[in-house]
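Which chain is which? The protein sequence lines are A and B, in order. Okay, so the first sequence: first residue is 1 according to our numbering, each after it adds one. Okay, so the second sequence: first residue is 1 according to our numbering, each after it adds one.
Since the hints were made in silico from the structure, they are not lab data. Bear in mind that the values here come from a model prediction, so they are computed numbers and not experimental data. Warning: the hint list may mix true and false statements.
Each pair may be met inside one copy or between any two copies, as identical chains are not told apart.
[Said to hold, decoys possible] With a cut-off of at most 27 Å between alpha-carbon atoms, the simulated DSSO-like pairs for lysine-lysine come out as follows: (1) 223 / 13; (2) 535 / 560; (3) 564 / 109; (4) 560 / 109; (5) 460 / 112; (6) 50 / 564; (7) 560 / 376; (8) 560 / 112; (9) 560 / 50; (10) 112 / 50; (11) 213 / 540; (12) 535 / 564; (13) 112 / 535; (14) 535 / 224; (15) 534 / 564.
Spelled out, the chains give:
2 protein chains.
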Amino acid sequence: MSKIIRVNMTTKKVNIEEVPEKYVGLGGRALTSQVILDEVPPTCHPLGPKNKLVFAPGLLSGTNAPSSGRLSVGGKSPLTGGIKEANAGGITSQKMASLGIKAIIVEGKAEKGTYILRVTADDVELIPADDLAGKGTYELTAILKERYNEKAGVICIGPAGEMKMQSAGITNNDPEGNSSRYAGRGGLGAVMGSKGLKAIVVECDKAFDAPVKDKERFKTAAKKFAQILASHPVTGEGLPKFGTNVLMNIINEAGTLPTRNFSRGRFEGASEVSGEKLAEVATQRGGKATHACHPGCVMRCSNVYPMPDGKVCAPIEYETAWCFGPNLEISDLDVVAKLNYICNDVGLDTIEAGCTLGVLMEAGVLPFGDGEAAIKALEEVGKGTPLGRIIGAGAAVAGKVYGVTRVPAVKGQGIPAYDPRSCKGNGVTYATTPMGADHTAGYAVTANILKVGGYVDPNKEEGQIELSRNLQIATAAVDATGLCLFVAFAVLDNEEGLPTIVEMINAQYGTNLTVDDVTALGQQILKNEREFNKKAGFTKADDRLPEFFYEEELEPHNTKFELKEELDEVFNF
Amino acid sequence: MSKIIRVNMTTKKVNIEEVPEKYVGLGGRALTSQVILDEVPPTCHPLGPKNKLVFAPGLLSGTNAPSSGRLSVGGKSPLTGGIKEANAGGITSQKMASLGIKAIIVEGKAEKGTYILRVTADDVELIPADDLAGKGTYELTAILKERYNEKAGVICIGPAGEMKMQSAGITNNDPEGNSSRYAGRGGLGAVMGSKGLKAIVVECDKAFDAPVKDKERFKTAAKKFAQILASHPVTGEGLPKFGTNVLMNIINEAGTLPTRNFSRGRFEGASEVSGEKLAEVATQRGGKATHACHPGCVMRCSNVYPMPDGKVCAPIEYETAWCFGPNLEISDLDVVAKLNYICNDVGLDTIEAGCTLGVLMEAGVLPFGDGEAAIKALEEVGKGTPLGRIIGAGAAVAGKVYGVTRVPAVKGQGIPAYDPRSCKGNGVTYATTPMGADHTAGYAVTANILKVGGYVDPNKEEGQIELSRNLQIATAAVDATGLCLFVAFAVLDNEEGLPTIVEMINAQYGTNLTVDDVTALGQQILKNEREFNKKAGFTKADDRLPEFFYEEELEPHNTKFELKEELDEVFNF
Chain A
1 MSKIIRVNMT TKKVNIEEVP EKYVGLGGRA LTSQVILDEV PPTCHPLGPK NKLVFAPGLL
61 SGTNAPSSGR LSVGGKSPLT GGIKEANAGG ITSQKMASLG IKAIIVEGKA EKGTYILRVT
121 ADDVELIPAD DLAGKGTYEL TAILKERYNE KAGVICIGPA GEMKMQSAGI TNNDPEGNSS
181 RYAGRGGLGA VMGSKGLKAI VVECDKAFDA PVKDKERFKT AAKKFAQILA SHPVTGEGLP
241 KFGTNVLMNI INEAGTLPTR NFSRGRFEGA SEVSGEKLAE VATQRGGKAT HACHPGCVMR
301 CSNVYPMPDG KVCAPIEYET AWCFGPNLEI SDLDVVAKLN YICNDVGLDT IEAGCTLGVL
361 MEAGVLPFGD GEAAIKALEE VGKGTPLGRI IGAGAAVAGK VYGVTRVPAV KGQGIPAYDP
421 RSCKGNGVTY ATTPMGADHT AGYAVTANIL KVGGYVDPNK EEGQIELSRN LQIATAAVDA
481 TGLCLFVAFA VLDNEEGLPT IVEMINAQYG TNLTVDDVTA LGQQILKNER EFNKKAGFTK
541 ADDRLPEFFY EEELEPHNTK FELKEELDEV FNF
Chain B
1 MSKIIRVNMT TKKVNIEEVP EKYVGLGGRA LTSQVILDEV PPTCHPLGPK NKLVFAPGLL
61 SGTNAPSSGR LSVGGKSPLT GGIKEANAGG ITSQKMASLG IKAIIVEGKA EKGTYILRVT
121 ADDVELIPAD DLAGKGTYEL TAILKERYNE KAGVICIGPA GEMKMQSAGI TNNDPEGNSS
181 RYAGRGGLGA VMGSKGLKAI VVECDKAFDA PVKDKERFKT AAKKFAQILA SHPVTGEGLP
241 KFGTNVLMNI INEAGTLPTR NFSRGRFEGA SEVSGEKLAE VATQRGGKAT HACHPGCVMR
301 CSNVYPMPDG KVCAPIEYET AWCFGPNLEI SDLDVVAKLN YICNDVGLDT IEAGCTLGVL
361 MEAGVLPFGD GEAAIKALEE VGKGTPLGRI IGAGAAVAGK VYGVTRVPAV KGQGIPAYDP
421 RSCKGNGVTY ATTPMGADHT AGYAVTANIL KVGGYVDPNK EEGQIELSRN LQIATAAVDA
481 TGLCLFVAFA VLDNEEGLPT IVEMINAQYG TNLTVDDVTA LGQQILKNER EFNKKAGFTK
541 ADDRLPEFFY EEELEPHNTK FELKEELDEV FNF
């Protein structure tokens, strides 16, 4: 039943392959990283024909395991030069899993032209689609749904990806058809663009049709897991009520909200762009304060924000509200929504775009706090002007272009919404994850700020290495399952959480995995990714934060980041 | 007598220091690289206060040893992220040596403002000079000579360096006052700009006043060395007659002239931008086909080219004629001169600028062969527009900004005027030198093309590793002496060459060095540089050519570059 679809963009050949024995127990990030390590030369040009792009649903995707519809996308990143896995919600992962698709591997490079890959239960077809070149993701998704199937999952890139901008993301649609669920980070959209693939249309009416060996056992476990999520204050209350942006006021209060390109830890206008404010405005305007990005998600942490121009931005996540808000000293939610919408439509990672605008403001190219200037600058991206190109190339490149020393990026990727000096566990993750600066790779905000899974003082060095290590291992494993990372909030505080995940996997596949096996899987994923990066030329020097975090104190706690050699202990397991 | 001048741009303090024992036997590149290794944290931001800039005359500079007036400039490169030594002719090195200055070390970073360092026999002074901010190098040099001393050596940067563009160079003036002798590569001009230092004015009327212990012995050796140079066909005939650009027709004939951004090895318009043509036009217009860049140079390989607009471009070197000529498919010498002049005035490395324009043409931003478009684009640099900034950031960054896969750069630095596929010895040097792609670091054109110092087939792998290794060691040693690298043509073919250089050093310093000691010095320099780069995060993966040289055959010899792991043998000594 299970299959791998292999698409060669050079020859335009599509092959349906059996799943090799070694890939059977893998899914999501475990599978994408393994395929990249096995098949992509680590030193190849990320935009050349030797790079590959792998789309894989998680092990539990396509079942009614709660919040299990994440789609993993893997490749060599043009932004970091290392291995990349970015994952997204949206409806496509479940459809792929329901069609028995273990992975879609896209390789080679079309010499010219724009193509669509159409996947149905009976057929896989590569279709020339030059008429769709240059389309924004919203229009493109609408056209493809109309052309092929209104219920289709549409994975696609915008003009930024087609222009091979190295912070271009890959999106897919939510249940309402909004093309805004991004595997955003690391520029995998540029890889897709370099290959000439504009979209993948996955036609399947069912969300939960993946084969399950022991249905009763699975049902029991899934129900238990839903209860575990519902009973935790973060996954059962905070996220469902205000979404991810519930963090804005919390992180501001904690004094680790990066403000004015990481110049201080609190922003006076934070509440104006907070989740509470968002819920209020969205509700007033007929939007939604809470929204599920894929069927079966019980946390419903997303939102639908109607903008003054009549368009809808869905969602505004915390990271995006931060990077276009406090990071740029902008306290106008409508400006944030507009910047978010532009990114979604042109196909750009919001976090990277926000970090890049911060660097440009640091350079004096545009003023901090000037929302209109930020919008005008971001609109250049779609036009492909030199300024638009610089923005599309990300924060690290923008820093080089403008000679800026305060550039918040690790391994070429912009640092997200928690200052590493007063959330040091996240600092360890930013520095060491094979992904480049990435909060989701080992989200120490849990123990540092939210006091989930224990407490580790965010302003002290003690315990941060171990905290980040354990979270990175657990995260890699979760990213293999297709479960949303946010389940971790509940799992960290409930000793039945992880066993219940393992129970669901065993029920689905008829396996006898233990919790230790799942930990070992997380470790193996990280080892694979580190191996790829080492071969690509990464060293300890790449596992450090930018110099200014070691030199400048962050208000209000007046802390610096001081971990250096200790960071090399993170992967001692 | 001998001293080190240390300038702290943060505190504005100038210290005159004794030369530490360990630095006494070092000069030029040997000294700059040792100081950088000793004093600069390898992972520091190259444009931050922890980077340093070291100016050092060679061991023989300031004597009448023929062609010994090279000035070495060292620092951490913003372009490569590694250690950098760039050296230049011009008159300043001899003046520094004549004043007993072993090195000028510039450290820290002015918070704001523009400064001039004035050095005389009696005093060293840091002078605020905000009125000179933004000046082009030609005007600036003229002002400073008028303001302080008409015979002064003026080391300076243009607006590109002030704007911290990472391919900005550092120039100084030739005997006629033209500010066009560039320590161009690696962006050290941006380092100078980041520190707020616009120029160093060295006032000394004498070119040959460095102390010499045994004057008679020195005179005999220097005379012998002059004869060795005069009697070799390259240093005694080719270079003095047509300058470095005598290479244009030779390299074209050899089929290794990179044309159209390294797409083929011959250019139909090569003769139109050749040294022969240059000599003809320059002479017709009242310029000079031959010209010494510093007093006492017997090779006189430079030139003075009057442009149609009445300005003078001096010189047009082969590398520049290539990068703006064949590399862009431009066969108009006046266009080449204009592009060269813009770079000299704005303060940009010509090779990097040419490589970058090639990448932009590859990206379709401007058309190949369009001289007017190239001029217009290059004029953006001084204006600091987004396009100008991209050009100033160099080929590798431009490649990232425009998603180009065919980017001729190693360690972030553009590849010069010999295609590595049909001049494989140079390919080995480009890949492995700690400097980033650099033809001068191990100029295998000698044995590959010119049949100087033996013959190694340029299209075959055999012997290239050893050739490059030996040349890199010899070059590092020569770069320590202040001798122009071109003396190597004669030295490689004359067994008395190297002993005569050693004899001059011994006569000057009263030492008892052997040829083996000088070889050991060359090896030590490379080891120091490699050590710095390793600590900065460089690995074997950085010692490779771009992928396309391994994938695409070069016409007319239809060769690829195939050396990979073998490259790791270069530094086995």
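Tested hints:
1. 223 / 13: Result: close neither inside a copy nor across copies, 43 Å intra and 72 Å inter.
2. 535 / 560: Only across copies: residue 535 and residue 560 sit 23 Å apart there, 32 Å inside one copy, limit 27 Å.
3. 564 / 109: between (40 Å within a copy, 24 Å between copies)
4. 560 / 109: between (45 Å within a copy, 21 Å between copies)
5. 460 / 112: neither (53 Å within a copy, 34 Å between copies)
6. 50 / 564: between (35 Å within a copy, 17 Å between copies)
7. 560 / 376: Cα proximity of residue 560 and residue 376: none, with 34 Å in one copy and 46 Å across.
8. 560 / 112: For residue 560 and residue 112, the Cα distance is within 27 Å only across copies (25 Å; inside one copy 50 Å).
9. 560 / 50: between (41 Å within a copy, 18 Å between copies)
10. 112 / 50: within (16 Å within a copy, 47 Å between copies)
11. 213 / 540: neither (44 Å within a copy, 48 Å between copies)
12. 535 / 564: both (22 Å within a copy, 13 Å between copies)
13. 112 / 535: neither (31 Å within a copy, 42 Å between copies)
14. 535 / 224: neither (43 Å within a copy, 51 Å between copies)
15. 534 / 564: both (19 Å within a copy, 17 Å between copies)
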